[in-house]
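Sequences are here, hints too, so could you generate the full structure?
In order, the protein sequences belong to chains Z and F.
Every position in the first sequence, counted from 1, becomes a number in the numbering used here once 217 is added.
Every position in the second sequence, counted from 1, becomes a number in the numbering used here once 217 is added.
Among these hints, one or two may not hold up.
Any copy will do: because identical chains look the same in the list, a pair fits if it lies in one copy or spans two.
[Stated by the list, open to error] Result set (DSBU-like, lysine-lysine): computed pairs, CA atoms no more than 30 Å apart in a straight line:
| # | residue 1 | residue 2 |
| --- | --- | --- |
| 1 | K296 | K342 |
| 2 | K518 | K329 |
| 3 | K524 | K380 |
| 4 | K327 | K484 |
| 5 | K262 | K467 |
| 6 | K524 | K357 |
| 7 | K491 | K342 |
| 8 | K411 | K320 |
| 9 | K423 | K221 |
| 10 | K342 | K327 |
| 11 | K474 | K553 |
| 12 | K327 | K518 |
| 13 | K320 | K221 |
| 14 | K262 | K564 |
| 15 | K553 | K484 |
| 16 | K296 | K518 |
| 17 | K357 | K380 |
| 18 | K342 | K320 |
| 19 | K296 | K411 |
| 20 | K221 | K411 |
| 21 | K221 | K374 |
| 22 | K320 | K524 |
It should be emphasised that the hints constitute simulated quantities derived from the structure, not laboratory data.
Owing to the predicted nature of the structure, the values given are computational and were not obtained by experimental measurement.
There are 2 protein chains.
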Amino acid sequence: MNAKLQWLRNKMSSLNLQGLIISNPINIRYLTNIDAEGVLLLTRKENIYITDGRYIEHVHSILTLFDEIIVYDINDVSKDDYENFFLFCENVGFEEYDVSYAKYKEYICKYKIHNLVETEHIIEKQRMIKDEEEISQIQKACEITDNCFSYLLDYIKPGMTEKQIANEIEEYYRQRTDGLSFETIVASGENTSKPHAVPTDRVIQKQDIITIDMGCKYQGYCSDMTRTIFVGSVPEYVKPVYDLVLKNQKQTAEQMKDGESTRLLTKMVENDFKLNGYDLIHSLGHGVGMEIHEAPYISYKSDAALKENMIVTNEPGIYLPGKFGVRIEDTVQITKFGCINLTNSEKNYIII
Amino acid sequence: MNAKLQWLRNKMSSLNLQGLIISNPINIRYLTNIDAEGVLLLTRKENIYITDGRYIEHVHSILTLFDEIIVYDINDVSKDDYENFFLFCENVGFEEYDVSYAKYKEYICKYKIHNLVETEHIIEKQRMIKDEEEISQIQKACEITDNCFSYLLDYIKPGMTEKQIANEIEEYYRQRTDGLSFETIVASGENTSKPHAVPTDRVIQKQDIITIDMGCKYQGYCSDMTRTIFVGSVPEYVKPVYDLVLKNQKQTAEQMKDGESTRLLTKMVENDFKLNGYDLIHSLGHGVGMEIHEAPYISYKSDAALKENMIVTNEPGIYLPGKFGVRIEDTVQITKFGCINLTNSEKNYIII
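Put into structure tokens, the structure is as follows:
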């Protein structure tokens, strides 16, 4: 059995779970490499993956004997099979954050489960800590993102539209990776005041401010980086805001290390922003892995502690509605004594 | 108040619901045009949309006074506010297929709801029947898909990879639409035996069979079409399978009309396939609208009836593992007396 499934079975023992239903497709891919639609059952003795005709061939091509996973076509699973999977199981775990209320009721009925037990993100918590292979894939995704950004600094010219730049980024990634890790943000002028701006047909002007938030997927793992750049020169009224964001981005990077409180990190940035008359209106960061946004979340609402080999973003931003916004973001790896920037593009004033 | 929200309020009255929590983002967009992260509450007297700082500006730019929707920043909603929203509501509906079990428990606690009631896809059921504007957007998406397919017939040449063709489709759509409605399938040779094949680096050969399943989004609405085409000539061993699929695709189109049973439609294809020694391993079709797959589902498991102005796919397919597969799919509009093909590309042997 592979190491991740073995870890999970040990975890189940410690939680007194005799069975487990895993339905989150990302968690299934994490545990098995299967990228399909289906459900993974860990029963007393077996690992079972139930899928449908569309995926059977793909699943068989992924799995090896070593995985010890039995694959069923959903059309071949009888009512009795369902009732037998968790027979004599006192407690069966499920993923209460992924399973809809309707599905929850269906599970109880279909599998005849006595105690269907919430498992509080056990797999997601494990996914927060990346192993060597995962880190190297994220490093690669970040490296390609840095290269793409360098390429953009030559490419972007006044007269282009936001959409055109976003398309160029997508094209760049498509040739080198599995594609985008999220919809690229290219926002210019006033549009930069929207943290989640969607690229528009707005034409880049001389003297514009441009925010680019971009990332790709490399072998299933994501990168995430934002830079705010300038056409021609940096307007005087933007400088104090840019400087404040950059100062806090750097200070956060200096603080990030194993054991550091995510709430404290956020509070420090919030306080410095408030002191200068601004607000931090979104999280300071989030985990990055198979998903672009995953645990841990770095915000005043979370009270997690950073741990070695977590990979997270560091992305303070200030947004002045109707005027402009500035965000600077890196993907970083947490270590025992600090953090390593995995995205390394320039952060001082970038003028094109 | 807009017509869709007004319809929903009438529906709530008939179901004895004094409040409703809508969390499915597609349903929210359908009702309000808001494309963001948040929750829509229909309380006794008000329509309330709660979102966060990232979307406030966007939401305000979409809504007009006519919508009668009050927008809250989630950070400004107090514990008391939550408890007051559904005060004196006997029954509050929620979307049990979209709301996780964890969220369900959170709702009860946060809103202090006595009866949180399942609503059985009320909005999705309404979404099945398209209005004039929706139909015209899907027509446009289908027209662009036909044009893209014509373009491809000139573009595809032996020596290209599946990925290269898929990228060309994406590029074509990106220049003319909101983008893909799903990940394009370009499968060649043996890969055509996988209904959900992902484009690979396999090089198109002379004498290849190629399945292309493609669709785009136009102003939020999807198209979906599949054609199986041939390089050079149609191999003799493929012809009986192709002919059988095409015959059933055409017969299904002739049967589809208001009142027709989805199960019966499927059974007829299944029986004819069985008679010839093959199986129908996936649904015969599905609704198309804001989502690429939505109700109604045309399969032996569903016992819905088609209705006027539903838009669905008609997509029989046969797959012979390790050998090849054939699927032919159109998007069609159901009318009182038949159906109208919205995708109109050639279906007889297409040889490039």
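Do the hints match the structure? See the list:
no.	hint	result
1	K296 <-> K342	between (33 Å within a copy, 29 Å between copies)
2	K518 <-> K329	between (38 Å within a copy, 22 Å between copies)
3	K524 <-> K380	neither (38 Å within a copy, 39 Å between copies)
4	K327 <-> K484	between (47 Å within a copy, 25 Å between copies)
5	K262 <-> K467	neither (50 Å within a copy, 48 Å between copies)
6	K524 <-> K357	within (21 Å within a copy, 51 Å between copies)
7	K491 <-> K342	neither (32 Å within a copy, 48 Å between copies)
8	K411 <-> K320	between (36 Å within a copy, 28 Å between copies)
9	K423 <-> K221	neither (53 Å within a copy, 44 Å between copies)
10	K342 <-> K327	both (28 Å within a copy, 25 Å between copies)
11	K474 <-> K553	within (6 Å within a copy, 66 Å between copies)
12	K327 <-> K518	between (37 Å within a copy, 16 Å between copies)
13	K320 <-> K221	both (26 Å within a copy, 28 Å between copies)
14	K262 <-> K564	neither (53 Å within a copy, 50 Å between copies)
15	K553 <-> K484	within (22 Å within a copy, 62 Å between copies)
16	K296 <-> K518	between (44 Å within a copy, 15 Å between copies)
17	K357 <-> K380	both (26 Å within a copy, 21 Å between copies)
18	K342 <-> K320	both (23 Å within a copy, 19 Å between copies)
19	K296 <-> K411	between (51 Å within a copy, 27 Å between copies)
20	K221 <-> K411	between (40 Å within a copy, 28 Å between copies)
21	K221 <-> K374	neither (48 Å within a copy, 44 Å between copies)
22	K320 <-> K524	between (34 Å within a copy, 28 Å between copies)
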